[in-house]
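Participant: Sequences and hints are given; from them, build the entire structure.
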Amino acid sequence: MEFSREELLICAVARMLDGCRNIAVGTASPIPGSAALLMQALTNGHARASILGSNVHNPFNDAGPELFDRAGQGRVDAFFLGGGQIDGEGNINLVGTGPYPNSDTRFPGSFGSGYLYFSVPRVILFREEHSRRVFVDKVDFISAPGWSPPDVHRPGGPYALITSLCVFIYDRDNHRFRLSGLLPGATLEEVRDNTGFDFDCPDGIGDIPPPEADRLELIRTRIAGEIAETYPEFARDRLGWQG
Amino acid sequence: MEFSREELLICAVARMLDGCRNIAVGTASPIPGSAALLMQALTNGHARASILGSNVHNPFNDAGPELFDRAGQGRVDAFFLGGGQIDGEGNINLVGTGPYPNSDTRFPGSFGSGYLYFSVPRVILFREEHSRRVFVDKVDFISAPGWSPPDVHRPGGPYALITSLCVFIYDRDNHRFRLSGLLPGATLEEVRDNTGFDFDCPDGIGDIPPPEADRLELIRTRIAGEIAETYPEFARDRLGWQG
Amino acid sequence: MDAPEIYLSADEIASRIPDGALIGVPKEDGGAAMEVTRALIRRKAKGLRLFTVPVSSIQADMLIGAGCVDEIETSGVSMGEFGFACRFRAAVQEGTIKIKDATCPALYAELQASEKGVPFMPLRGILGSDIHANRDDWMTIDNPLADSGDPIVLLPAVKPDVALFHARYGDRYGNVWVGARRECVLLAHASASTLVTVEEIWDGNLMDDDRMLAGTIPPIYVDTVAHAPQGAWPLSLNGAYERDGVHLREYAGAAKTDDGFAAYLDQHVFGKQAAA
Amino acid sequence: MDAPEIYLSADEIASRIPDGALIGVPKEDGGAAMEVTRALIRRKAKGLRLFTVPVSSIQADMLIGAGCVDEIETSGVSMGEFGFACRFRAAVQEGTIKIKDATCPALYAELQASEKGVPFMPLRGILGSDIHANRDDWMTIDNPLADSGDPIVLLPAVKPDVALFHARYGDRYGNVWVGARRECVLLAHASASTLVTVEEIWDGNLMDDDRMLAGTIPPIYVDTVAHAPQGAWPLSLNGAYERDGVHLREYAGAAKTDDGFAAYLDQHVFGKQAAA
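As given, the protein sequences belong to chains Z, S, L and A, one line each in that order.
Be aware that the first sequence starts at 1, since it is given in our numbering, and climbs by one per residue.
Be aware that the second sequence starts at 244, since it is given in our numbering, and climbs by one per residue.
Be aware that the third sequence starts at 487, since it is given in our numbering, and climbs by one per residue.
Be aware that the fourth sequence starts at 763, since it is given in our numbering, and climbs by one per residue.
Just so you know, the hints here were simulated from the structure itself, not pulled from any lab data.
There's no promise every hint is true.
[Claimed, not checked] One side only, chain Z facing chain L, incomplete, derived with CB under 10 Å:
| id | residue |
| --- | --- |
| 1 | 4 |
| 2 | 68 |
| 3 | 187 |
[Said to hold, decoys possible] Keeping only pairs whose Cα atoms sit at most 25 Å apart, straight-line, the calculated SDA-like set for lysine to any residue is:
| id | chain 1 | residue 1 | chain 2 | residue 2 |
| --- | --- | --- | --- | --- |
| 4 | A | 1018 | A | 856 |
| 5 | A | 808 | Z | 77 |
| 6 | L | 645 | Z | 77 |
These numbers were taken from a predicted model, which means no experiment stands behind them.
Where a beta carbon is used, it is the ideal one built from N, C-alpha and C, also for glycine.
Facilitator: Okay, structure coming up:
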């Protein structure tokens, strides 16, 4: 069965959400949003997706600090973050490159990362641009650290990193990424060439699993329609939504 | 001009509220409530009365911690408290007599006193029963202390104590009450006999001033009608409200 | 959605509250779940620990009088203009329940710490009181942001096992509308589970109406909803009915004695069930 | 009642905001007072210190580009799908404004400390970040309620001089309805003064309607109210209109260069006044 890169990634993300009860998705995140809605559909609503910017799939009146309070209460099981820079220890930089505060290139800012990275058990890093510009040995500014000393209260942290080339799983014991699978067409060499940090690589790394047929069908029908409410162009261009 | 004890007390309280912007009145307080409404009327609304239990004269949606937050912000200038026991340093006891926790006589509890006595600049103690049972040398339980050491952040505290016999003013420098005036018919001797704590008494103590004629008129007309919304029996029986 | 269990009976709600649970309840005009309170007495609940937000009246007094309560954290239990809460008073005087005296904003702060997932909240005031002197779980530090001195009290997070209240509306998605009763919102956020009775079923989704949204608690915070018309009686429910002052006066009188209280329960708690 | 001053113009609101003021503003979908923002630029406001709750977009970017801002405390300024906030970016890179980087819940906590009248609020997370390393005003202590260790960050109370936002309704008593936008309620409670523009005048008293009550800010927190239809344009106002994506894209493009930004101001800020 043919599938698009987006459909593949939705399924890859969805597998990482297995067992999550409350999945929150921030802005500009159509693939994570679709994956969250997929899990909601597959679990008959046991998993709840809250899609920021959606009127229908956001069962919260979320103004003010409520999302952060909820995360602090342990009621957010999974969340997605990106990063202008991400390093091999899972540190993320949403502030800027070069010196601080007068960055060479200033990014928007850290948003909720400095808190949610600590409080949400499964934070999935999603950054499509796979380059040495993004994946650096050491970030220039730590918006949120990948790990903390044992005396720091930290129920949350990085779980995986998904790029346009591959999927890494984060090893919390060793504070390192471990390559888990390649996207179709990508090679290990290509990943190494474009990654500025050292990572673990088990033998025999292959492609990540293709979309499950039943999930693919669900994505193209129900999920396309649901995500279209928030991301109509994505649903139309990438998932073949006809609405 | 004839006046009732209640009318006299309303005017006595009102004088203590001079200059206050936000006056909050708790439950079961018809005289303080009437005084607050009187000041609101006299200042053309510059002084705001918020009467707990009123739907009309309570310009707040006060559920939850809002009243206490507001006091913490400095937005409550005057408040009223009582006490099962009150002592000469201004300590108040709303918890019980005798040993703690298994009191000889248990009162309902401290309510907001342990906070508001610290945060509201002008707390007026209002306790009609003037007896040695109430006005003791030392309270058995301090729900809220009358004064605090200088390193304690305390913008608020006691301002006056009004009883069925007299009015005391609280001296914050010396942590003592000073007799300010007698109610008609009461004598200094009667006050001394029925007060269990030592207090200052300037020479020549006389009766507190009678109600100002214009204020009395206002009480009997507009204020009677306004307080009747919350305390209809009081308004009818004590202020001659005809509604 | 995996919606909350909805449209249970008040007795079913009471059966979900285990003996020994720490139960948060709002003050008497905040939506007290009185029908569930009676059901708790019928099911002979034991060892409950009440946390009043921040005060209570007949609800706490009845549960204490019926022997359901081991402990109460409160800043006041009173029948207001109808006098003392005599079952509460007797139990405290005789030492048959443990009391943790507080002051109103401290109770809110303990819940807010839980709501925010922080271990404590600071609060001004309290210092030098015997409330403070009798609370080993409260701590005083010098404000670390001040140059020196400036003592301030830290209150620990309190996470009730159960938030229990009566709300104006509930819908079939598990949304519950409490309007301006922020203490109910706070209780639901701070507690491990939230059991609600609602006065009326809202036709539609409360989340769809901008005007209702601000006063709506979404399903993630709600575990069960029972439809219980007049569920706050004899207390008031904002926008629906006033309190039944005649009944409250009758209760306050009856509760002065053991026999009077027992007769009240027979008639209004157990009798009611027999008649159902 | 000594009601707030009502029904001023947006320019009059802007004239009440002194140079140098610390101004709290909500995020872009929370009711940004854009008409007043343009008026501030017209009146050539200087030295403003922005406090975003917790992020901002065109509002902060325009004020910074127009030279009105000396300092900003924020957890993000971005045009979202329309790209970077280029005036903000340029000003930070060139050091023409001071930036205090934060993370969203820290900004809420700083306001909540002010709302509650406490000197600080604790917050989990943040530790080990460069946000924390660059904030001398934030302090770390070991949780005094833990047996040992357990570091936690304390955030100081921040009390804006001015809370500035655009709300759906205002009435002639000075009540302002923001619905579920709790950040606006928080801002009003935490700030020394609150200046509001409203989309529509509510006929009657917002406090009289139980359904509106939960989302209403009472007059004690409100200093001035202006009636400014389309006052959030080109941003959205919940329940009233969506954002003007075409215009925002135009702005984001124009703001990439000094000349483009100047031309945008001429047309949409100064021009608008000339045409009035």
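Participant: List, from low to high, the hint numbers that the structure doesn't satisfy.
Facilitator: 1, 3, 5
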